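Please work from the sequences and hints to get the whole structure.
Chain residues, written in single-letter form:
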Amino acid sequence: MAKKKFDIGKLDYLNIRDIAFTYSMPDEPSLPEKEGNPTGYSMEIVKMFNMDQEIIRLVFTIQLETMLETAKEIKGVYTTEHLFQVKGLSEWVTKAEEKFVVDPDLNEMLTIQAYSTARGMIHQKFNGTWFSDFVLPVAKSGALD
Amino acid sequence: MASEIFERLLKEVTPEESQFVEKNVAIGRQVRHILAVHPTINSQKALADALGKEPSEISKWLSGLHNIGLENITKMEVALGRDIILTDEQARERYEKPATGYQVFQVSRYKGKVDSQVNYPGWSGKRNITYTPIDEKTSGSSH
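Protein chains in written order, with my numbering: chain A, 15 to 159; chain B, 13 to 155.
Hints in this document: simulated from the structure, not taken from any laboratory. Keep in mind that the hints are not guaranteed to be accurate.
Chain B is faced by these chain A residues, among others (derived, beta-carbon under 8 Å) [as the list claims (entries may be wrong)]: (1) ILE33; (2) TYR55; (3) MET62.
The calculated label-pair distances, taken between Cβ atoms and stated as ranges, are [unchecked claim]: (4) A:HIS137 to B:LEU21: 28 to 34 Å; (5) B:ALA38 to A:GLN99: 20 to 26 Å; (6) A:LEU82 to B:GLY93: 44 to 50 Å; (7) A:LEU82 to B:GLU24: 20 to 26 Å; (8) B:GLU24 to A:GLN77: 38 to 44 Å; (9) B:ALA48 to A:LYS89: 34 to 40 Å.
Because the structure is a prediction, the values reported are computed rather than measured. We put the beta carbon where it would ideally sit given N, CA and C, even for glycine.
Below, the structure is given as structure tokens:
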């Protein structure tokens, strides 16, 4: 039997909001030339659902830090929340060995939409900081599974 | 001299005017957020079409300086199918209740590095990107 494909029409991007933002830079950092500075980032995506409300919530956190020894103390953390309404959510969630599994197609759509939106929000949020030039890379298909 | 004029003008701004601009800017930001993710109405022009208005009028509404008015905000909310402003009570009712009943199904962590910054908005310059998943899928815990 052919695998049922998730219909994107059943997915509604309900809301996006800032949860937290911190940026720290010492008063007198020993700053090198900015051009070409490497920036490291760590991301965490926590996904959860509310079956009664048919809502999936993604909490997306990114931490940015310079990778230069002389400027390691410059850091920024930004967390956003993404809420999705999924009609008929129960059809796309299974439970196996006490673990919940969301349909991979749906899961990927949620991740791509939240990630793409967060890319723009991160760029805008860090405007005016040391990381103002940072642009989160475009994710290759499957890279965020 | 210029800074003195600026300081003087700044002092002339009343708290009401300051609050007015702040609220208007927040409304404009919220509308832009919605347009960025809306499946069909994804630009100011599309919103203008949906409302039967000129794009310049929508631009004026979202400038942060125009008194949009509750009636026009409501028109945008109906066209977009989303709330633009919510009271504290409405927001709590909508978002706090679901937040108590969530079940975590996946936690993913990734690390990456952008070796060379892009000179935005020109998108020029070399970028070497390392993109490595470091941990995936912790399932089944409640939140």
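Results of checking the hints against the structure:
About 11 Å separates the beta-carbon of ILE33 (chain A) from the nearest beta-carbon of chain B, more than 8 Å, and the hint is not met. Hint status for TYR55 (chain A) relative to chain B: holds, with the closest Cβ pair at about 5 Å, below 8 Å. Checking MET62 (chain A) against chain B: minimum C-beta separation of about 4 Å stays under 8 Å; hint holds. Look at HIS137 (chain A) against LEU21 (chain B): about 31 Å separates their beta carbons, and that is inside 28 to 34 Å.
For the hinted restraint 20 to 26 Å between ALA38 (chain B) and GLN99 (chain A), the CB-CB distance of approximately 23 Å keeps it satisfied. Distance hint check: the CB atoms of LEU82 (chain A) and GLY93 (chain B) are about 47 Å apart, consistent with the given range 44 to 50 Å. Restraint check, LEU82 (chain A) to GLU24 (chain B): a C-beta distance of roughly 45 Å breaks the suggested window 20 to 26 Å. Taking the beta carbon of each, GLU24 (chain B) and GLN77 (chain A) are about 42 Å apart, inside 38 to 44 Å as hinted.
Take ALA48 (chain B) and LYS89 (chain A): their Cβ atoms lie about 27 Å apart, and the range 34 to 40 Å is violated.
Of the hints listed earlier, those the structure fails to meet are numbers 1, 7, 9, in rising order.
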